[in-house]
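One-letter residues, chain by chain:
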Amino acid sequence: MENIVIIGNGIAGVSAARHIRKLSDKRIIIVSAETDYFFSRTALMYVYMGHMKFEHIQPYENWFWKKNRIELVRGFVSGIDTKTKKLSIDGSRALHYDKLIIATGSKPNKFGWPGQDLHGVQGLYSKQDLDLLETNAPNKDVCKRAVIVGGGLIGIELAEMLRSRDIPVTFLVRESSFWNGVLPEGESQMINEHIKEHHIDLRLGTNLKEIIADENGRVKSIIIQETGEELPCDLVGLTAGVSPNIDFLKDSGIELGRGVKVNRFLETNIKDIYAIGDCAEQHEAIGNRRPIEAVWYTGRMMGETVAQTICGNRMEYRPGHWFNSAKFLDIEYQTYGWVFGARGKKDYEVQFHWRHESDKVCITMAFDKETNKFLGINTFGIRMRHEVFDRWLTEERDADYIMEHLADANFDPEFYKQYEGEIVAQYNANYGKSVKTKKKSIKRIFQLN
Amino acid sequence: MSNYDRSMALTGQPPVTLSRNQKLATLLGMFGLAILLLAAFNVNFPGKATWLSISLMAISVGTIWFSWDAYSKKEPGIKNDGVWFKSISSKGFWGWIAGIALTGFYIILYFYPEYLGLVSGGDNKGVIGLFDPLSKALSGNPASQWFVYGTLYTVAILAFGIKFIWKYRHNRYEKIRTFSVMFFQLGFAFLIPEFMARLNGSSVLNGGSLPYYDLKNMWPLNYYNFEGYRIKGFLSSGDIGFAMLIFGIVTIFVISPILTYRFGKRWYCSWVCGCGGLAETAGDSFRQLSDKSVKAWKIERWVVHSVVVFVTLMTTAVIYSYLGTDTSKYWLTKSTFLLGVGGLLTTIFVLVMVFKREQFQKDAKYGAIGYFVIIMALIGFHYFSGEGNVFLFKSETLRKSYSFLIGSIFSGVIGTGFYPIFGNRVWCRFGCPMAAILGFQQRLFSRFRITTNGGQCISCGNCSTYCEMGIDVRAYAQKGENIVRSSCVGCGICSAVCPRGVLKLENGPLKGRIDSNQVLLGNDVDLMNLVNQK
Ligand SMILES: Cc1cc2nc3c(=O)[nH]c(=O)nc-3n(C[C@H](O)[C@H](O)[C@H](O)COP(=O)(O)OP(=O)(O)OC[C@H]3O[C@@H](n4cnc5c(N)ncnc54)[C@H](O)[C@@H]3O)c2cc1C
Ligand code: SF4
Ligand code: SF4
Chain A
1 MENIVIIGNG IAGVSAARHI RKLSDKRIII VSAETDYFFS RTALMYVYMG
51 HMKFEHIQPY ENWFWKKNRI ELVRGFVSGI DTKTKKLSID GSRALHYDKL
101 IIATGSKPNK FGWPGQDLHG VQGLYSKQDL DLLETNAPNK DVCKRAVIVG
151 GGLIGIELAE MLRSRDIPVT FLVRESSFWN GVLPEGESQM INEHIKEHHI
201 DLRLGTNLKE IIADENGRVK SIIIQETGEE LPCDLVGLTA GVSPNIDFLK
251 DSGIELGRGV KVNRFLETNI KDIYAIGDCA EQHEAIGNRR PIEAVWYTGR
301 MMGETVAQTI CGNRMEYRPG HWFNSAKFLD IEYQTYGWVF GARGKKDYEV
351 QFHWRHESDK VCITMAFDKE TNKFLGINTF GIRMRHEVFD RWLTEERDAD
401 YIMEHLADAN FDPEFYKQYE GEIVAQYNAN YGKSVKTKKK SIKRIFQLN
Chain B
1 MSNYDRSMAL TGQPPVTLSR NQKLATLLGM FGLAILLLAA FNVNFPGKAT
51 WLSISLMAIS VGTIWFSWDA YSKKEPGIKN DGVWFKSISS KGFWGWIAGI
101 ALTGFYIILY FYPEYLGLVS GGDNKGVIGL FDPLSKALSG NPASQWFVYG
151 TLYTVAILAF GIKFIWKYRH NRYEKIRTFS VMFFQLGFAF LIPEFMARLN
201 GSSVLNGGSL PYYDLKNMWP LNYYNFEGYR IKGFLSSGDI GFAMLIFGIV
251 TIFVISPILT YRFGKRWYCS WVCGCGGLAE TAGDSFRQLS DKSVKAWKIE
301 RWVVHSVVVF VTLMTTAVIY SYLGTDTSKY WLTKSTFLLG VGGLLTTIFV
351 LVMVFKREQF QKDAKYGAIG YFVIIMALIG FHYFSGEGNV FLFKSETLRK
401 SYSFLIGSIF SGVIGTGFYP IFGNRVWCRF GCPMAAILGF QQRLFSRFRI
451 TTNGGQCISC GNCSTYCEMG IDVRAYAQKG ENIVRSSCVG CGICSAVCPR
501 GVLKLENGPL KGRIDSNQVL LGNDVDLMNL VNQK
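Taken in order, these protein sequences are the chains called A and B. Take the first sequence: its letter number 220 is residue 220 in the working numbering, and every next letter is one higher. Take the second sequence: its letter number 337 is residue 337 in the working numbering, and every next letter is one higher.
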């Protein structure tokens, strides 16, 4: 029987394992260092905030693995011998594989700031980081102020977490507006406002210069580059992005770039070794995607795909239309297709932005200047139906069509306030059009006829 | 496990700490309860009406003030910070104390009402006495333990309903739904029956007297509705009484199936029902305590379906026992009645097996067992029953044991008393035969489902954790599968707490309602087609 070994029990590794089990009877072993069982990394914040206990963020009950004959080994893979097809675990045990899937995820970036390894300075990625945060910032007496460096998705989550315990937070964001490398201006502005509503001391266009230690090697304060201001604090959260967690592969002969280099079949340069999830780097980016896509969904989709290949149906990784979602404090965000921030905006891209005058609700729709083709949409505070937008993208609908049928895509709970009328009125005003909104149609939504 | 447990319990840090306002509000509420407690110990209050008003006001204002302080200063949004740190909502010390106190209250209420001051044929004393003025004002009669209970129940739904509306003020589904349960509790369960009692003996009812009837309750929730004394009461009360009896039958066989088909069982369980109303409002802080394991689900199905079988047999037996055998006196006789029940069940069983076998799949075994037990019992009734006897038991014994085991112990003592231990819907999930019957229909003949939004789920677990019915919502959502579960009461909380907008409660076409996907939307279209075809 073939021995499939997977390194990493994150969403990528576990998706691969589940699908291989569905398709075959192969022996499956997952080796992972972080925890005994798979958990949802995206939900770590809720454990610190007391919404859930750690056990709740484990998507499968503990009997699941045995029942599906997925063997779990807790240990750190320190090296791979690709000639003899052996892993060494914790530098001592050896494990043979026939096929190997590398799904080792990411680690937080550190950019060589002075003092970045002091006590009280940490990232937020792993279960261990969560436990560390409980030590560094259990409450507002022990942690009188926290400074968060890096204005991305994890940074704002960390800020929300700390605020739930009433810990004062200063949030240093290098960009001139929150996450505006990705978000168009209007949206980014709205989030800035919302961050401040939550009593977070948001410092835009601000960089960290250095972290100062007290006599015990604990963080005492930080210095801001632009102003030289010294901010006393007890915790520094480093959330300036992540990069692939592949140091242990350095001498393995597997081709590495920033991540493990893979082709479209998720194969590395060495036969029978594959890489998926956060740690995989495409030789060439797929469409508008980045070569490394550190998101949950990508890990899952690569897992689904590589399982096919391993079970004899060699399959290219061909993700469908881009989608993503996040939550900024109380505001939910969803995106379908491509809408770019100012920096990445294409010259053929027109962006229609609408924002409600008082509610924290807005959308941005991108369409093609020439052809009017719909390119993508960002929504804040309105939920949208994935199926419907995916279909519209496939059908290459134009912007007018989207506006006309916007009600079909609404996914908010029943009785919610509807904004389609206002949105379309503004669209008409901006572009001199006379699109009329159609009523929501169950027939169209569910494609009945 | 980690150090938040210790540090948070000892020093009481946010989000666990109570603000000064909240402490005062708690004190005020406790003061209101203390008046009731003192009354229970026969402290005699001069001016009962005044003290009762003070007490009920203190309880309500305390609760509302507390929640105002908790939510009004925060941005609208999900308010679950610290739920698992607070001892009351995480089965900690205060959770157990509250559980024990509630359970004790129920035991006294059901079995020792004399300790609450019930005096038959004289002036009430104690707490019940304290409620006399209110009861007399409403129905003209002195209070009973049930009046006290009904009043407190209503106050709880109203005060905690306001709390709930504040907590979910960003969510209109939750707001409207909560208005609805508050309305039905106050109007239908509390005021209307009291006013109706005033009519008893009057000419409108031809001098007859109606049994106490909460119009929104239907069989089998009010399992006693077709007992002999009630039928007599209905029939003695002229057209109105007759209309109510007919209404009772129509609700079960016509109104409820239609509404459940269109909206799912939520129209009842989380919009109308009083048990559901209390669970959704006063019980809201405990929803996360329901057990989500597959094992609990198994137990749930056995227990709740056994209750359905039990209540069907019991009701059949009760009606059977007072029917005659002579067709010339009344068209409905013992044997026509049994044949009717048997025929109805057979029709349903055959229809389901013919048209819905696929969806029924795994549950077919349970259905068949239940059906078989009932039919055998019906045959048993016929052959082994004598006068006043059904089968080998007295029908009265059957009825009494149902009302003791299910009506009192299960729905009250365990169902509500154990809110802080097993979660707020233990009764609805494991014990309620009404929920089981509506659920059966919801699973097979209803437009309702919770739609999963393509591939957006991040498996975070909020939905499962906060599902009061113990449904592992995530297990479906992360597979891109809609949630079509018989136990779902449509409270909408899973959808509310989902941070990625994955879940939507909606009524849609029957076709494709239950879809399971191995590969989710967002991946390669060819792969999705390849794998998802069946
Ligand atoms: C706080 C936070 C919030 C996030 N929120 C979102 C979100 O909302 N939406 C979204 O799309 N994405 C989100 N992400 C990103 C998402 O979690 C990741 O993209 C995803 O978890 C990556 O999955 P993976 O399986 O590739 O790797 P991982 O989940 O990182 O799993 C890799 C595992 O391998 C183990 N490992 C690594 N090296 C070795 C070794 N040598 N030996 C043994 N074991 C090893 C690691 O310890 C780890 O357990 C979030 C990430 C974080 C940290
Ligand atoms: S599945 Fe959702 S709507 Fe249904 S009972 Fe559970 S939380 Fe409520
Ligand atoms: S709450 Fe939403 S994202 Fe989280 S597991 Fe449930 S459906 Fe998925």
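Errors might be hidden in some of the hints.
List of simulated lysine to aspartate or glutamate pairs, EDC-like, C-alpha gap at most 16 Å [unchecked claim]:
#1 B:Lys295 - A:Glu61
#2 B:Lys479 - A:Glu387
#3 A:Lys271 - A:Asp90
#4 B:Lys79 - A:Asp98
#5 A:Lys327 - B:Asp515
#6 B:Lys74 - A:Glu193
#7 A:Lys196 - B:Asp515
#8 B:Lys298 - A:Glu61
#9 B:Lys79 - A:Glu193
#10 B:Lys74 - A:Glu197
#11 A:Lys360 - B:Glu75
#12 B:Lys74 - A:Asp166
#13 B:Lys232 - B:Glu194
#14 A:Lys440 - A:Glu420
These are calculated hints, taken from the structure and not from any lab test.
Now the hints, each set against the structure:
1. A hinted pair counts as satisfied when its Cα atoms are at most 16 Å apart, and lysine 295 of chain B with glutamate 61 of chain A qualifies at roughly 11 Å.
2. For the suggested pair lysine 479 of chain B and glutamate 387 of chain A, the alpha carbons sit about 15 Å apart, so the restraint of at most 16 Å is met.
3. Taking the CA atoms of lysine 271 of chain A and aspartate 90 of chain A, the gap is near 24 Å; set against the 16 Å cutoff, the hint is violated.
4. Taken as a hint, the lysine 79 of chain B and aspartate 98 of chain A pair is broken in the structure, with Cα atoms around 49 Å apart against an allowance of 16 Å.
5. Proposed proximity of lysine 327 of chain A and aspartate 515 of chain B is contradicted: the alpha carbons are some 27 Å apart, above 16 Å.
6. For the hint pairing lysine 74 of chain B with glutamate 193 of chain A, the CA-to-CA distance comes to about 15 Å; that is within 16 Å, so the pair holds.
7. For the hint linking lysine 196 of chain A to aspartate 515 of chain B, the alpha-carbon distance of about 42 Å lies beyond 16 Å, and the restraint is violated.
8. Note on lysine 298 of chain B and glutamate 61 of chain A: the hinted pairing holds, with a Cα-Cα distance of about 15 Å set against a maximum of 16 Å.
9. Only pairs whose Cα atoms come within 16 Å are accepted, and lysine 79 of chain B paired with glutamate 193 of chain A is rejected, the gap being roughly 20 Å.
10. With a C-alpha separation of about 9 Å, the suggested pairing of lysine 74 of chain B with glutamate 197 of chain A holds against the 16 Å cut-off.
11. Between lysine 360 of chain A and glutamate 75 of chain B, the direct Cα distance comes to roughly 11 Å. Compliance with the 16 Å bound is thereby established for this hinted pair.
12. The suggested pairing of lysine 74 of chain B with aspartate 166 of chain A holds, with an alpha-carbon distance near 12 Å, which does not exceed 16 Å.
13. At roughly 20 Å between alpha-carbon atoms, lysine 232 of chain B and glutamate 194 of chain B are farther apart than 16 Å, so this suggested pair is violated.
14. Of the pairs offered as hints, the one joining lysine 440 of chain A and glutamate 420 of chain A holds, with about 10 Å between alpha carbons and a cut-off of 16 Å not exceeded.
The structure fails hints 3, 4, 5, 7, 9, 13 (numbered hints given earlier, in ascending order).
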